[in-house]
Amino acid sequence: MLTRIQRLRNYRIFRDFSWPGGLYDFGRYNLIYGLNGSGKTTLSTLFRHLQQRQGLAEGTVEYVFGDSHVFGTTADDPAVPMVRVFNREYVGRAVFESGAGQFPPVYYFGEDSADKQRRIAELELLRKEHRDEQALQADLLEVAKASLESFCTEQAKAIRTLLTVAGGGPYNTFNAGPFKIAMVQLAAKENPGESLSDDERTELLMNKESRPLPALDTVAVRFPDLMALRTKTDALLRKTVVSTVVQALADDPAVASWVGQGLGLHRGDRTTGICRFCDQPLPPARLAQLEAHFNDEFEWQQQAIADLLQEVESASKFNKAISPPAHEALYESLQTQYQNSLKSLRTNAASLNGALDALKSALEAKRREPFKSITLDNMLEKVVKGDSGGFGTFVLGLLALAAESVPFLASFEGTKALKALNDLINRHNELTASFDVKVKAARDGLAQDEMLGALAQWREKCQTVDQANKARDSARDSAALLDHEIRALEVQVRQHHLPAEQLNRDISAYLGRDELQFVPEQNGYTVMRGGQPASHLSDGERTAVAFLYFLKVLQGTDFDLANGIVVIDDPVSSLDTNSLFSAFGFLKSRTVNAKQLIILTHNFSFFRQLRNWFNALNKSAKRAKRELPAHFYMLEAVNHDGLRGAKLAPMDPFLTEFESEYHYLFNKVFSSSQLEKGKGLEQHYGLPNMARRLLESYLAYRIPGHTGDLHGKLSEIDGDEPTKARVLRFLHTYSHGDAGVQPDHDPTILAETPAVLRDVLELVRVNDQRHYDQMVALVDRAE
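Numbering (our numbering), first residue to last: 322 to 1104.
In case anyone wonders, no lab produced these hints; they're calculated from the structure.
Be careful, since some hints might not be right.
Dumping the calculated BS3-like pairs for lysine-lysine here, alpha-carbon to alpha-carbon at most 27 angstroms [unchecked claim]:
| id | residue 1 | residue 2 |
| --- | --- | --- |
| 1 | Lys-761 | Lys-501 |
| 2 | Lys-664 | Lys-638 |
| 3 | Lys-916 | Lys-968 |
| 4 | Lys-782 | Lys-510 |
| 5 | Lys-916 | Lys-943 |
| 6 | Lys-466 | Lys-449 |
| 7 | Lys-737 | Lys-638 |
| 8 | Lys-737 | Lys-553 |
| 9 | Lys-638 | Lys-553 |
| 10 | Lys-501 | Lys-478 |
| 11 | Lys-510 | Lys-761 |
| 12 | Lys-740 | Lys-759 |
| 13 | Lys-478 | Lys-510 |
| 14 | Lys-681 | Lys-693 |
| 15 | Lys-909 | Lys-873 |
| 16 | Lys-478 | Lys-782 |
| 17 | Lys-740 | Lys-664 |
| 18 | Lys-740 | Lys-638 |
| 19 | Lys-681 | Lys-737 |
| 20 | Lys-759 | Lys-510 |
| 21 | Lys-553 | Lys-681 |
| 22 | Lys-641 | Lys-681 |
| 23 | Lys-681 | Lys-560 |
| 24 | Lys-560 | Lys-693 |
| 25 | Lys-466 | Lys-478 |
| 26 | Lys-501 | Lys-466 |
| 27 | Lys-641 | Lys-737 |
Okay, the calculated beta carbon distance ranges per label pair [stated by the list, open to error]:
| id | residue 1 | residue 2 | range |
| --- | --- | --- | --- |
| 28 | Leu-1031 | Asp-388 | 47 to 53 angstroms |
| 29 | Asp-1094 | Gly-387 | 46 to 52 angstroms |
| 30 | Ser-654 | Gln-631 | 40 to 46 angstroms |
Glycine included, each C-beta is placed from N, C-alpha and C at the ideal position.
Can you build the whole structure from these sequences, using the hints too?
Laid out in structure tokens, this is it:
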């Protein structure tokens, strides 16, 4: 058991308390009486710390449990038994109501259930906040999604507008779907790339608008081998015919040619002895002479010249066979090079063609003079001497060029130019063949550039969506966790739920009336008063229900009454007299078996019931010659360094020997009124409150029919008006009725207290001398 509170300092009203010498230790049953403001609530709160095994956050305390000393910082010491405390704070914790307004509230009773229901109410508010946040974030998510969707639609439309082409294409139907897929892929890249430069973009814009041109045929022509033809010609020119030469014919090539042709008209199928020119017989000798002149070798030479002329003539036709496409038929990017190559081809072809014409002229000359050895160099020399021999200057000039190998270079360069021309045509054809790939690449590049430009906004809008989504999910998950916690707490509340029948039965017995009925509602109760829903419980009803649940807790499995300490502070607050007796009966029956019971009260009627019970226990112990189980104490307000303090002392005999608190109050007021000014009053800091209660008690039976305040009652009794005014001012200023004196009141009130106390007693004497004398006699006898 708790033996004593050895020391208690700087803990609320207990500024410097030590267990007084001569004050007996706590017993099994302990009754502590004290007016309001004397420290009862402070003591019960101190015991609450023991119940919760919590160290003090302020002040210091030393308890004694048998032989063990326990300090406030070690309230979880094994020497401390289980403790249960009932006080006004417990009432606040044990009665909880939820709901208000147009519906009757739902009540939850019992400290554990009420605490859990409070927690449920807090969690429900928090859950509502999370659900509101979930709804808000869901709305924001929809807005963010709509914004992202609108952004994707607008960007896709811009790309579609930029890249739509006639005849269809992948971007003609481009919309938000493929745009989002492409943006997701782009955003996932570590290096998405860089935007196009102005030049690059311009080029792609040109390419994406281009159209394919038809494929073209290459120039299928071969440059003649001028070197070979020149070599053949030079060899044939140098060769002479070995025959019996008719000198006249040899000297006159024109005539020789004419005669040679005529001779051919008189041979073969045209054989005749008659001259076809003069129609005269041809002399045989002349024919033989001519045939000797124009023999087989001559014929072979003439045929060789004719064949080579044919070959040169065929070679000369190459220029006419060159039929290249017009430069406008090629892609614009190739046209300049194509024109240059074509010009080179034409120039070199013309140069080569002149050389071929020169070769033909030389061969014609050889045919006219078959019996002479001719060289191209000799022909050039004749030109230099002014004897062209029938050759034109232009032709001989080409022969001169031929001698200087320029035409041979033209053949080589012409071949190169032809190849370059065909290469450009092939490139044109390749561009045509690869047009779709090129245009697609250009369009893809532009689309990529557009997406790169939109990437920052895409990421920002995606982040907004992601944040709203996460916030919504977080709020939803938090609400779900709270749902789980609330359901678990509701199960626990239901487990501690007192059946309504038992609660109705107990509250009826406790209050002494069956006005209240409790109807199960959710995990709590609705209250019916007189058959109608009650909107509130009075303080007395709240205290009654809380105390019933407290007594129920004492019988629970988590508390061993026979080995525990029970502390009860004023369980009858605001109860009428009938209910007070019922409450006492409940208390006595439910706590008599406690290991240790400590009861604090300021209600004298309740005190008297407890005092009689404890006195009976002590008398029984005396008869059995056992140690007295019940002890009586008083809490008194005192002055400590100018501030209100408290002390624990033996109970005043006037409280133990008389049946009225009035006797005790009269004794205190009368004794203190006899003290010298300011002396000894520091131990009676609560005197203004005592004086008020004494006067109120006296006026209650002296003026029983008056229901007014203290001022109204004083006006109905005899006495000096200035005295009444001084008493009323003092009591109104320095006492607060049931609230007690506050710690910040001016301690100088003690200086005028004895005089005012004498004024109070004088008012009693003036109105009832006999009563006054008898009370004084009791005081004198007690001393």
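Here is what the structure says about each hint:
1. The straight-line distance between the Cα atoms of Lys-761 and Lys-501 is roughly 20 angstroms, inside the 27 angstroms bound, and the hint therefore holds.
2. Taking the CA atoms of Lys-664 and Lys-638, the gap is near 19 angstroms; set against the 27 angstroms cutoff, the hint holds.
3. Proposed proximity of Lys-916 and Lys-968 is supported: the alpha carbons are some 25 angstroms apart, at most 27 angstroms.
4. Among the hinted pairs, Lys-782 with Lys-510 is consistent with the structure: their alpha-carbon atoms are about 18 angstroms apart, no more than 27 angstroms.
5. A threshold of 27 angstroms between alpha carbons decides the hint, and for Lys-916 with Lys-943 the separation of about 20 angstroms falls inside it, so the pair holds.
6. Of the supplied pair hints, the one linking Lys-466 and Lys-449 holds, its CA atoms being roughly 25 angstroms apart against a limit of 27 angstroms.
7. Between Lys-737 and Lys-638, the direct Cα distance comes to roughly 19 angstroms. Compliance with the 27 angstroms bound is thereby established for this hinted pair.
8. With a CA separation close to 25 angstroms, the supplied pair Lys-737 and Lys-553 stays within the 27 angstroms bound.
9. The hinted pair formed by Lys-638 and Lys-553 meets the criterion: a straight-line CA distance of about 19 angstroms does not exceed 27 angstroms.
10. With a C-alpha separation of about 13 angstroms, the suggested pairing of Lys-501 with Lys-478 holds against the 27 angstroms cut-off.
11. About 22 angstroms separates the Cα atoms of Lys-510 and Lys-761, which keeps this hinted pair within 27 angstroms; it holds.
12. A distance of roughly 26 angstroms separates the Cα atoms of Lys-740 and Lys-759; the hinted pair therefore holds under the 27 angstroms criterion.
13. Under the criterion of a C-alpha separation no larger than 27 angstroms, the hint pairing Lys-478 with Lys-510 is consistent with the structure, at around 24 angstroms.
14. For a cut-off of 27 angstroms, the pair hint linking Lys-681 to Lys-693 stands: about 17 angstroms separates their Cα positions.
15. Of the pairs offered as hints, the one joining Lys-909 and Lys-873 holds, with about 13 angstroms between alpha carbons and a cut-off of 27 angstroms not exceeded.
16. A hinted pair counts as satisfied when its Cα atoms are at most 27 angstroms apart, and Lys-478 with Lys-782 qualifies at roughly 18 angstroms.
17. Between the alpha carbons of Lys-740 and Lys-664 the distance comes to roughly 13 angstroms, so the proposed pair stays at or under 27 angstroms and holds.
18. Using a Cα cut-off of 27 angstroms, the hinted pair Lys-740 and Lys-638 holds, with the two alpha carbons roughly 19 angstroms apart.
19. Taking the CA atoms of Lys-681 and Lys-737, the gap is about 25 angstroms. The hint holds against a cut of 27 angstroms.
20. The suggested pairing of Lys-759 with Lys-510 holds, with an alpha-carbon distance near 25 angstroms, which does not exceed 27 angstroms.
21. Note on Lys-553 and Lys-681: the hinted pairing holds, with a Cα-Cα distance of about 12 angstroms set against a maximum of 27 angstroms.
22. For the suggested pair Lys-641 and Lys-681, the alpha carbons sit about 17 angstroms apart, so the restraint of at most 27 angstroms is met.
23. Straight-line distance between C-alpha atoms of Lys-681 and Lys-560 comes to about 16 angstroms, which keeps the hinted pair within the 27 angstroms bound.
24. Our distance criterion of 27 angstroms between C-alpha atoms is met by Lys-560 and Lys-693, whose separation comes to about 8 angstroms.
25. Distance hint between Lys-466 and Lys-478 is fulfilled; the C-alpha atoms sit about 18 angstroms from each other, no more than 27 angstroms.
26. Between Lys-501 and Lys-466 the alpha-carbon distance is near 12 angstroms, which keeps this suggested pair within the 27 angstroms criterion.
27. For the proposed pair Lys-641 and Lys-737, the alpha carbon gap of about 18 angstroms is at most 27 angstroms, so the pair holds.
28. The hint said 47 to 53 angstroms for the Cβ distance between Leu-1031 and Asp-388, and at roughly 52 angstroms that hint holds.
29. Hint check: Asp-1094 to Gly-387, Cβ distance near 50 angstroms, so the stated range 46 to 52 angstroms holds.
30. For the pair Ser-654 and Gln-631, the beta carbons lie near 44 angstroms from each other, so the given range of 40 to 46 angstroms is met.
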